[in-house]
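> Based on the sequences and whatever the hints tell you, model everything.
Given next are the chains, with one letter for each unit.
Protein chains: 2
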Amino acid sequence: MLQFSKAVSSLRTSEIRDLMGLAINPDIISFAGGMPGNELFPVKEIDEIYNNLPLDIKQTGFQYGPTPGYEPLLESLNEYLKKKGLPVEKNRLLITTGSLQAINIIGKIFIDPDETIVTENPCFVGAISAFKSYQANLKGINLDEEGINLDLLDNYLNHSKSISPKFLYLTPNFHNPAGTLYTEKRKKELVPILQKHDLLLIEDDAYGELYFNEGAHKRIVPMKALYGDETPICYLGSFSKILGPGFRLGWMLAPPEIYQKAELVKQSLDACSPNFTQILANEFLRSGMLEKYVGKLRVIYKRRKETMAAAIRKYFPEEITWIEPEGGFYIWLKIPPKLDLTSILKAGIAKGAVFVVGKAFDPDGIDNSHFRLSYSHTPEDKIEKGIRILGETIKEALKG
Amino acid sequence: MLQFSKAVSSLRTSEIRDLMGLAINPDIISFAGGMPGNELFPVKEIDEIYNNLPLDIKQTGFQYGPTPGYEPLLESLNEYLKKKGLPVEKNRLLITTGSLQAINIIGKIFIDPDETIVTENPCFVGAISAFKSYQANLKGINLDEEGINLDLLDNYLNHSKSISPKFLYLTPNFHNPAGTLYTEKRKKELVPILQKHDLLLIEDDAYGELYFNEGAHKRIVPMKALYGDETPICYLGSFSKILGPGFRLGWMLAPPEIYQKAELVKQSLDACSPNFTQILANEFLRSGMLEKYVGKLRVIYKRRKETMAAAIRKYFPEEITWIEPEGGFYIWLKIPPKLDLTSILKAGIAKGAVFVVGKAFDPDGIDNSHFRLSYSHTPEDKIEKGIRILGETIKEALKG
Numbered sequence: 001m002l003q004f005s006k007a008v009s010s011l012r013t014s015e016i017r018d019l020m021g022l023a024i025n026p027d028i029i030s031f032a033g034g035m036p037g038n039e040l041f042p043v044k045e046i047d048e049i050y051n052n053l054p055l056d057i058k059q060t061g062f063q064y065g066p067t068p069g070y071e072p073l074l075e076s077l078n079e080y081l082k083k084k085g086l087p088v089e090k091n092r093l094l095i096t097t098g099s100l101q102a103i104n105i106i107g108k109i110f111i112d113p114d115e116t117i118v119t120e121n122p123c124f125v126g127a128i129s130a131f132k133s134y135q136a137n138l139k140g141i142n143l144d145e146e147g148i149n150l151d152l153l154d155n156y157l158n159h160s161k162s163i164s165p166k167f168l169y170l171t172p173n174f175h176n177p178a179g180t181l182y183t184e185k186r187k188k189e190l191v192p193i194l195q196k197h198d199l200l201l202i203e204d205d206a207y208g209e210l211y212f213n214e215g216a217h218k219r220i221v222p223m224k225a226l227y228g229d230e231t232p233i234c235y236l237g238s239f240s241k242i243l244g245p246g247f248r249l250g251w252m253l254a255p256p257e258i259y260q261k262a263e264l265v266k267q268s269l270d271a272c273s274p275n276f277t278q279i280l281a282n283e284f285l286r287s288g289m290l291e292k293y294v295g296k297l298r299v300i301y302k303r304r305k306e307t308m309a310a311a312i313r314k315y316f317p318e319e320i321t322w323i324e325p326e327g328g329f330y331i332w333l334k335i336p337p338k339l340d341l342t343s344i345l346k347a348g349i350a351k352g353a354v355f356v357v358g359k360a361f362d363p364d365g366i367d368n369s370h371f372r373l374s375y376s377h378t379p380e381d382k383i384e385k386g387i388r389i390l391g392e393t394i395k396e397a398l399k400g
Numbered sequence: 001m002l003q004f005s006k007a008v009s010s011l012r013t014s015e016i017r018d019l020m021g022l023a024i025n026p027d028i029i030s031f032a033g034g035m036p037g038n039e040l041f042p043v044k045e046i047d048e049i050y051n052n053l054p055l056d057i058k059q060t061g062f063q064y065g066p067t068p069g070y071e072p073l074l075e076s077l078n079e080y081l082k083k084k085g086l087p088v089e090k091n092r093l094l095i096t097t098g099s100l101q102a103i104n105i106i107g108k109i110f111i112d113p114d115e116t117i118v119t120e121n122p123c124f125v126g127a128i129s130a131f132k133s134y135q136a137n138l139k140g141i142n143l144d145e146e147g148i149n150l151d152l153l154d155n156y157l158n159h160s161k162s163i164s165p166k167f168l169y170l171t172p173n174f175h176n177p178a179g180t181l182y183t184e185k186r187k188k189e190l191v192p193i194l195q196k197h198d199l200l201l202i203e204d205d206a207y208g209e210l211y212f213n214e215g216a217h218k219r220i221v222p223m224k225a226l227y228g229d230e231t232p233i234c235y236l237g238s239f240s241k242i243l244g245p246g247f248r249l250g251w252m253l254a255p256p257e258i259y260q261k262a263e264l265v266k267q268s269l270d271a272c273s274p275n276f277t278q279i280l281a282n283e284f285l286r287s288g289m290l291e292k293y294v295g296k297l298r299v300i301y302k303r304r305k306e307t308m309a310a311a312i313r314k315y316f317p318e319e320i321t322w323i324e325p326e327g328g329f330y331i332w333l334k335i336p337p338k339l340d341l342t343s344i345l346k347a348g349i350a351k352g353a354v355f356v357v358g359k360a361f362d363p364d365g366i367d368n369s370h371f372r373l374s375y376s377h378t379p380e381d382k383i384e385k386g387i388r389i390l391g392e393t394i395k396e397a398l399k400g
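Keeping their order, the protein sequence lines are chains A and B.
Quick note: the first sequence uses this note's numbering, first residue 1, plus one each step.
Quick note: the second sequence uses this note's numbering, first residue 1, plus one each step.
Derived from the structure by calculation, the hints contain no laboratory data.
Among the hints, a few may not be true.
Put simply, identical chains are the same to the list, so a pair is met inside one copy or across any two.
Straight line, CA to CA, 20 Å or less: simulated SDA-like cross-link-like pairs of lysine to any residue [what the hints assert, rightly or not]:
no. : residue 1 : residue 2
1   : K314      : R304
2   : K82       : P255
3   : K188      : T231
4   : K58       : K351
5   : K296      : N38
6   : K44       : K351
7   : K6        : D112
8   : K6        : Y259
9   : K132      : D112
10  : K351      : E396
11  : K292      : Q59
12  : K83       : K399
13  : K161      : M1
14  : K196      : Q3
15  : K196      : L2
16  : K296      : Q63
17  : K6        : Q135
18  : K44       : Q63
19  : K314      : E324
20  : K58       : E48
21  : K218      : K302
In structure tokens, the structure reads:
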């Protein structure tokens, strides 16, 4: 008889996955998955890079690589992060198979069963599932429009000294699902709280490059760039949104003593990340193609966001409240208490449009007062049509 | 102050990694790392495949894929495994980033801290490190020339009923490091022991395709193909030795109830394996290029093995005993008790040749009576020279 571990018993199929499946049905307009549109990938650029690789570099792409990452990629990524103000000299960089693997490595380094970690509420669903797989207790602290609520956070930490949470996990730039971009003030005021409670910060920055205006551009400076000397911070990033998730490449920039453990965990998990895609990502970054490409993405995602925002204003009842994002992939909307989101989801799917219900992003899996719309992978004409369908669905539910 | 988890405290830098580093030094002839030679990779074939991919398939390569794997690869891999006699209908297939990730998934599914698992002794070093990272107690059972010693295994299991080990991890085909190919008799007699003790078998088959003669070819039939209906078996495989480790692709064929947990763990670990390399591996497999390529590899590795075996006979003293392998990457050699392997390693490196000491493969990290030579990534002229250097080093050590 098979006896499974306690760790695996804490994992459940997330609703997101089922909804991502629906996205494959071409008759349903999907605002569910958090991925780029297939038509946006830089295929031509990668073709050019691949066909210009010398034989010995191609051969290296077939081989095992060093655990920390393919050396030239580590160099060019260090250069790239340095330009963004990150303290690359005092820290070390590890290439991972996406930032989700980096989150897992952090989990494995720090979490013993039943220990507590602090996240935002809502929180990236991948992080919730990863942390739970290390049997962590998750404490979600509410987000407001400027970032994590510091009164709630400080109050919780003051009253949980005996628990001694292992770290705080935040995504300050264009939060998934909330779309929030932290204010400078909020980031600044977080630092003394981290110091006071001796709390490590895990900063996940998968979306920072996808800003829609200059005001937002100025505000995407990572906490690690601003305050990395004052308080320990692990900074996570990803190629998934600025090249392609199919490459499975992300990174972690960490203080040396954390890096050292992270490298050991990475080695025991899968030895190294794929050299084949690391070589392509390196040339894409080093040649300057990445910056040009991301510039193009900003224009396209901004247009998609504007189309979705205009359609929401046109078709959604005013009982649905939301804040227009200044970057990233998502709009996060609040429904009035009398509505039942699960029924709306079902009715929406029957009519041909789908989204993700909010409780997927609640560390406790309960709060269903919001839903997430993703505009990243849907062309503009379909956005308008899908939002009209959802608007009608919600209006009918309101009539009850 | 940072407080690390108990899991990460059990991980140490393995000696192998440092030795792999030495392999990069072109002045030292390395028999250390267990990788293919760079000059052997099917670069031309993959070039042809890449440049013939239609645009929509290339775009799919940039995108997230389903957690179980890229659908067409799952189909062609199922076909491939079916031809090898594996019961693909009654089991399910999961693509992983190398078989090391599959080993981790098994660890996460089954191991709670301080539980026991049984391995061969010696054992694949990646598996040792992965299992330890889940805080398992490892019990290694000695290998003899026909496979794991069944008397020792049965005896141990009879006396450890209160411990109730979670599974047995074996590599029956061209063992790493021992080179052993299990006899049919040994595999057959293992089954009633597994049944009697209700013990799950994890069968790792990374090297089976690399046989050197027809007798060996007949004996590589997986335990899961022969006895999968009689006793639960998870079968692990890899593209690392038959295409390239840089693709980071392996697989697990598991009974449905184990598969279901494995998919959840895979999703929480890194969402999916790289679509980009899965698409290339699929075409390589589907087109028949893989079988042709592996045929070529068998000839080359056999020649390298013969060169190494001849050089050992010529240059090594007869106090060094070993069995000539019939496939795979490795020769495993025993030294007389009076010799100190660490000194020989140091002297060998000083003279220009390197290998891996046996204690790296001992689950307890103690027994240093053997060493591993890999012939897979060294051209024949260098093999002869490197073995001559090691022969001289050992003879000098014997003189004392």
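> Against each hint, give a clear statement of whether it holds in the structure.
Okay, the hints, checked on the actual structure:
{"no.": "1", "hint": "K314 x R304", "verdict": "within (15 Å within a copy, 72 Å between copies)"}
{"no.": "2", "hint": "K82 x P255", "verdict": "within (15 Å within a copy, 48 Å between copies)"}
{"no.": "3", "hint": "K188 x T231", "verdict": "within (12 Å within a copy, 60 Å between copies)"}
{"no.": "4", "hint": "K58 x K351", "verdict": "neither (49 Å within a copy, 32 Å between copies)"}
{"no.": "5", "hint": "K296 x N38", "verdict": "within (15 Å within a copy, 37 Å between copies)"}
{"no.": "6", "hint": "K44 x K351", "verdict": "neither (37 Å within a copy, 49 Å between copies)"}
{"no.": "7", "hint": "K6 x D112", "verdict": "both (12 Å within a copy, 7 Å between copies)"}
{"no.": "8", "hint": "K6 x Y259", "verdict": "between (28 Å within a copy, 17 Å between copies)"}
{"no.": "9", "hint": "K132 x D112", "verdict": "both (11 Å within a copy, 15 Å between copies)"}
{"no.": "10", "hint": "K351 x E396", "verdict": "within (12 Å within a copy, 82 Å between copies)"}
{"no.": "11", "hint": "K292 x Q59", "verdict": "between (28 Å within a copy, 19 Å between copies)"}
{"no.": "12", "hint": "K83 x K399", "verdict": "neither (54 Å within a copy, 60 Å between copies)"}
{"no.": "13", "hint": "K161 x M1", "verdict": "between (42 Å within a copy, 14 Å between copies)"}
{"no.": "14", "hint": "K196 x Q3", "verdict": "between (43 Å within a copy, 17 Å between copies)"}
{"no.": "15", "hint": "K196 x L2", "verdict": "between (46 Å within a copy, 14 Å between copies)"}
{"no.": "16", "hint": "K296 x Q63", "verdict": "between (33 Å within a copy, 18 Å between copies)"}
{"no.": "17", "hint": "K6 x Q135", "verdict": "both (8 Å within a copy, 13 Å between copies)"}
{"no.": "18", "hint": "K44 x Q63", "verdict": "between (25 Å within a copy, 15 Å between copies)"}
{"no.": "19", "hint": "K314 x E324", "verdict": "within (14 Å within a copy, 77 Å between copies)"}
{"no.": "20", "hint": "K58 x E48", "verdict": "both (14 Å within a copy, 13 Å between copies)"}
{"no.": "21", "hint": "K218 x K302", "verdict": "within (17 Å within a copy, 61 Å between copies)"}
When held up to the earlier numbered hints, the structure conflicts with 4, 6, 12 and fits the remainder.
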